[in-house]
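Given these sequences and hints, build the entire structure.
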Amino acid sequence: GQQLNQSPQSMFIQEGEDVSMNCTSSSIFNTWLWYKQEPGEGPVLLIALYKAGELTSNGRLTAQFGITRKDSFLNISASIPSDVGIYFCAGQLQLGAQKLVFGQGTRLTINP
Amino acid sequence: DGGITQSPKYLFRKEGQNVTLSCEQNLNHDAMYWYRQDPGQGLRLIYYSQIVNDFQKGDIAEGYSVSREKKESFPLTVTSAQKNPTAFYLCASRIQGDTEAFFGQGTRLTVV
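Chains A and B, in that order, are what the protein sequence lines are. Those letters in the first sequence? Residues 1 to 112, per the working numbering, in order. Those letters in the second sequence? Residues 1 to 112, per the working numbering, in order.
Any given hint might turn out to be false.
[To be verified] Only pairs whose alpha carbons sit at most 27 Å apart, straight line, appear in this in silico BS3-like list of lysine-lysine:
| no. | chain 1 | residue 1 | chain 2 | residue 2 |
| --- | --- | --- | --- | --- |
| 1 | B | Lys-9 | A | Lys-99 |
| 2 | A | Lys-99 | B | Lys-14 |
| 3 | A | Lys-99 | B | Lys-57 |
| 4 | B | Lys-57 | B | Lys-14 |
| 5 | A | Lys-70 | B | Lys-57 |
No wet-lab data here; the hints were simulated from the structure.
As structure tokens, then:
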């Protein structure tokens, strides 16, 4: 199936640092979604992006829909211990598409 | 409260046995999905359904079966034909034509 390349695969940071991760594809996406998954739980939606160039914030989280529509970025500012988890990007290739395509995830570990 | 409920949270199966994972939603969502998650990998689509009494194979449907007799329910059966069934299984749903998918809490299946 269609692939999204998400990087980095893992991050080890100090509490208080900022975090950046991204997803890229060779295909144009209509929508980008960012999810967070904590151990043993289902993913929870963080941010949804619907327009190229769109920049959306949710507290300390900010995500952008790349202008080429082939990528998206998620930034976390001033990380705290509860930010630990796996972050997934997901994309939809076209309006009304039946399936979402998921990245492989970025595992975030924070040292207090 | 509205949401998606997966049960059981943990499931153990002997080799050669079929097992059924439950997924129920009261969000009035038309579309429902089953994903498989293995360590270090993203979410892989098993089956999805857009309407009652209709469903489509995803990327890794072999060894699995589903039914959609009611809008609220989308059970997944892991058959003995699935060679490596030990994994974390996630159910999701979304409004037809919308893009944000909401996930259940997952079922961890272990073959013993």
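Structure-based check of all given hints:
no.	hint	in the structure
1	B:Lys-9 x A:Lys-99	holds (25 Å)
2	A:Lys-99 x B:Lys-14	violated (32 Å)
3	A:Lys-99 x B:Lys-57	holds (11 Å)
4	B:Lys-57 x B:Lys-14	holds (25 Å)
5	A:Lys-70 x B:Lys-57	holds (26 Å)
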